[in-house]
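Go ahead and model the full structure; you've got the sequences and the hints to work with.
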Amino acid sequence: MILAIDTSAATSVALVGDGIVAEAATDDTRSHAEHIGVFIERVLVDVGVTPDAVSAVVVGLGPGPFTGLRVGIAAGITFALGRDIPIYGVPSHDAVAVGHSACTVVTDVRRRELAWTAYRDGVAVNGPSLTTEGTLAVDVDLREFPEVRATTISAALLATAALNRIERGDDLTSLTPLYLRAPDATPGNGPKRVSG
Amino acid sequence: MNEPLVLGIESSCDETGVGIVRGNTLLANVIASSMEQHAVFGGVVPEIAARAHLEALRGTIEAALREANIRLRDLDAIAVAAGPGLAGALMVGVGAAKALAVALGKPLYGVNHLVGHVGADVLREDGQSIELPTVALLVSGGHTSLLLVRDLATDVELLGETIDDAAGEAFDKVARLLGLPYPGGPHIDRVAVDGDPAAIRFPRGLTLPKDLVHHRYDFSFSGLKTAVARYVETSDDVSV
Ligand SMILES: [Zn+2]
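Order-wise, the sequence lines are chains B and P.
Going by this note's numbering, the first sequence opens with residue 462, and the numbers climb by one from there.
Going by this note's numbering, the second sequence opens with residue -1, and the numbers climb by one from there.
These are calculated hints, taken from the structure and not from any lab test.
A few of these clues could be false.
To be verified - Which residues of chain P face chain B? A partial, calculated answer using Cβ under 8 Å:
hint : residue
1    : Val43
2    : Leu98
3    : Ala101
4    : Leu102
5    : Pro105
6    : Leu157
7    : Gly158
As the list claims (entries may be wrong) - Calculated cross-link-like contacts (lysine to any residue; reagent style SDA-like; alpha-carbon spacing at most 20 Å):
hint : chain 1 : residue 1 : chain 2 : residue 2
8    : P       : Lys104    : B       : Ile546
9    : P       : Lys104    : B       : Val506
10   : P       : Lys104    : B       : Glu495
11   : P       : Lys104    : B       : Ala514
12   : P       : Lys104    : B       : Val510
13   : P       : Lys104    : P       : Arg20
14   : P       : Lys104    : P       : Leu73
15   : P       : Lys104    : B       : Gly498
16   : P       : Lys104    : B       : Arg503
17   : P       : Lys104    : P       : Gly125
18   : P       : Lys104    : B       : Gly509
19   : P       : Lys104    : B       : Thr511
20   : P       : Lys104    : B       : Arg642
21   : P       : Lys104    : B       : Val499
22   : P       : Lys104    : B       : Asp513
Said to hold, decoys possible - Only part of the chain P face toward chain B is listed, based on derived beta-carbon distances under 10 Å:
hint : residue
23   : Pro44
24   : Arg49
25   : Ile59
26   : Val92
27   : Gly93
28   : Ala94
29   : Leu106
30   : Asp124
Please read these numbers as outputs of a predicted model, since none were measured by experiment.
Even glycine gets a Cβ: it sits at the ideal position worked out from N, Cα and C.
Take a look at the structure:
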């Protein structure tokens, strides 16, 4: 079975395989580290299997708020390491595009910015990129690729997207998050005044 | 009888640390540091530290397993630094530790990392190990804390800590305003050995009698930093 984890928006964990889908999810976009362990345990219990029934891990790579995003990827990495099974990284927007012929997946990445990816038949044709609320229509043709706005990402659909991509022969070995932004930091420039 | 085999993950600041112990014997201690990436910014940048933790996670665990010559399934428990520290950095270790514990079906212990600093003493190879109860003073770039430790696992009381900068942080900030490369604390520490402690009258925080009322066991270093800054700005000839 596949254990799928996405923490790019809220937290969603799914155990998928053999015609079974168990999912544990919340719409809480803050407490990823609190939920992650409990949710993984819950889907295993719901299906009635032990961790050795998991044969692969799929993690959502974002885009999304960084701190939460990393929790899910870190959890996926160690679960896969602990069971000695493969792990696959998939853009989180792929999960939303499942079942749409053409669409633009749009998610909120805070600081009044949106992340978007345009898909045709589940294949990303443009993005992921950042934009602002007013300029999305400038970045992408929303008549050809209608907007699908997502506030949560389903780990079960992420697993579906991963299976589709593995079938197409895509390389899903990279686990680098889709940050799309450089870290906030300004180089210190020599002596700095701290008084007065 | 074998003592418990425990793997610990630490990601509270700019180092990803993975340690493996059997009882009080250290089997592996592998550290990946992102310090060089922070140098140009003159201090630890939380987001850079957090990104580096995720990148280093897998390799650090694998290196520790090799060093200890054990497999993950041999472990009896997982431990993780649960704070204090940089939130985004800590969350990488916490998420990793939780999933690893579930994957292995082993218990997970969240550890206050200040207690971890004190607890490290039981791993010493020579000399006498810590005797409890004890009062521990932690001094580093991140900490200036005074702990009363009656039992490492169950009874640790924070007596006091810095109310502003950590001691090492004060060193680094002073070094920065003197234009020394990061981390500049060690440079100051080195030249201070031959310095004249009475040459300039710098303040010592929380040493007045009235400070005993609310800050008996606390420390303060930001006033010292500000005083050095003023001194540097009003003196033409300052070199270290
Ligand atoms: Zn520390």
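We went through each hint and held it up to the structure:
Below 8 Å, beta-carbon pairs count as interface contacts, and valine 43 of chain P has one with chain B at about 4 Å; its hint therefore holds. Among the interface hints, the one on leucine 98 of chain P holds; its C-beta lies about 4 Å from the nearest C-beta in chain B, closer than the 8 Å criterion. Annotation: alanine 101 of chain P was flagged as interfacial toward chain B, and the flag holds, the nearest CB pair being 3 Å apart, inside 8 Å. Interface restraint check: leucine 102 of chain P against chain B, minimum CB-CB distance 5 Å, threshold 8 Å, status holds.
With its C-beta approaching chain B no nearer than about 12 Å, proline 105 of chain P sits outside the 8 Å limit, and its interface hint is violated. Of the supplied interface hints, the one on leucine 157 of chain P is violated, with its beta-carbon coming no nearer than about 29 Å to a beta-carbon of chain B, more than 8 Å. The interface hint given for glycine 158 of chain P is violated, since its Cβ lies 25 Å from the closest Cβ of chain B, which is over the 8 Å cut-off. Pair hint lysine 104 of chain P plus isoleucine 546 of chain B holds up; C-alpha atoms about 18 Å apart against a cutoff of 20 Å.
Restraint check: the Cα-Cα separation between lysine 104 of chain P and valine 506 of chain B comes to about 16 Å, which is no more than 20 Å; the hinted pair holds. Distance check on the hinted pair: lysine 104 of chain P and glutamate 495 of chain B sit about 18 Å apart at the alpha-carbon level, within 20 Å; holds. For the given pair, lysine 104 of chain P sits about 16 Å from alanine 514 of chain B by alpha-carbon distance, which is consistent with the 20 Å threshold. Among the hinted pairs, lysine 104 of chain P with valine 510 of chain B is consistent with the structure: their alpha-carbon atoms are about 16 Å apart, no more than 20 Å.
With a CA separation close to 15 Å, the supplied pair lysine 104 of chain P and arginine 20 of chain P stays within the 20 Å bound. Distance check on the hinted pair: lysine 104 of chain P and leucine 73 of chain P sit about 8 Å apart at the alpha-carbon level, within 20 Å; holds. About 12 Å separates the Cα atoms of lysine 104 of chain P and glycine 498 of chain B, which keeps this hinted pair within 20 Å; it holds. Restraint check: the Cα-Cα separation between lysine 104 of chain P and arginine 503 of chain B comes to about 16 Å, which is no more than 20 Å; the hinted pair holds.
Distance check on the hinted pair: lysine 104 of chain P and glycine 125 of chain P sit about 33 Å apart at the alpha-carbon level, beyond 20 Å; violated. A C-alpha spacing of about 18 Å is found between lysine 104 of chain P and glycine 509 of chain B, which places the hinted pair at or below 20 Å, so the restraint holds. Simply put, lysine 104 of chain P and threonine 511 of chain B have alpha-carbon atoms about 12 Å apart, close enough for the 20 Å limit, and the pair holds. Restraint check: the Cα-Cα separation between lysine 104 of chain P and arginine 642 of chain B comes to about 37 Å, which exceeds 20 Å; the hinted pair is violated.
Among the hinted pairs, lysine 104 of chain P with valine 499 of chain B is consistent with the structure: their alpha-carbon atoms are about 14 Å apart, no more than 20 Å. Between lysine 104 of chain P and aspartate 513 of chain B the CA atoms are separated by roughly 13 Å; this keeps the pair inside 20 Å, and the hint holds. The interface hint given for proline 44 of chain P holds, since its Cβ lies 8 Å from the closest Cβ of chain B, which is under the 10 Å cut-off. The beta carbon of arginine 49 of chain P comes within 7 Å of a beta carbon in chain B, closer than 10 Å, and the hint placing it at the interface holds.
For isoleucine 59 of chain P, the interface hint holds, the least distance from its beta-carbon to any beta-carbon of chain B being 6 Å, beneath 10 Å. Among the interface hints, the one on valine 92 of chain P holds; its C-beta lies about 5 Å from the nearest C-beta in chain B, closer than the 10 Å criterion. The interface hint given for glycine 93 of chain P is met, as the beta carbon of that residue sits about 4 Å from the closest beta carbon of chain B, less than 10 Å. Interface restraint check: alanine 94 of chain P against chain B, minimum CB-CB distance 4 Å, threshold 10 Å, status holds.
Restraint check, leucine 106 of chain P versus chain B: the minimum CB separation of about 7 Å is within 10 Å; hint holds. For aspartate 124 of chain P, the interface hint is violated, the least distance from its beta-carbon to any beta-carbon of chain B being 34 Å, above 10 Å.
Of the hints listed earlier, those the structure fails to meet are numbers 5, 6, 7, 17, 20 and 30, in rising order.
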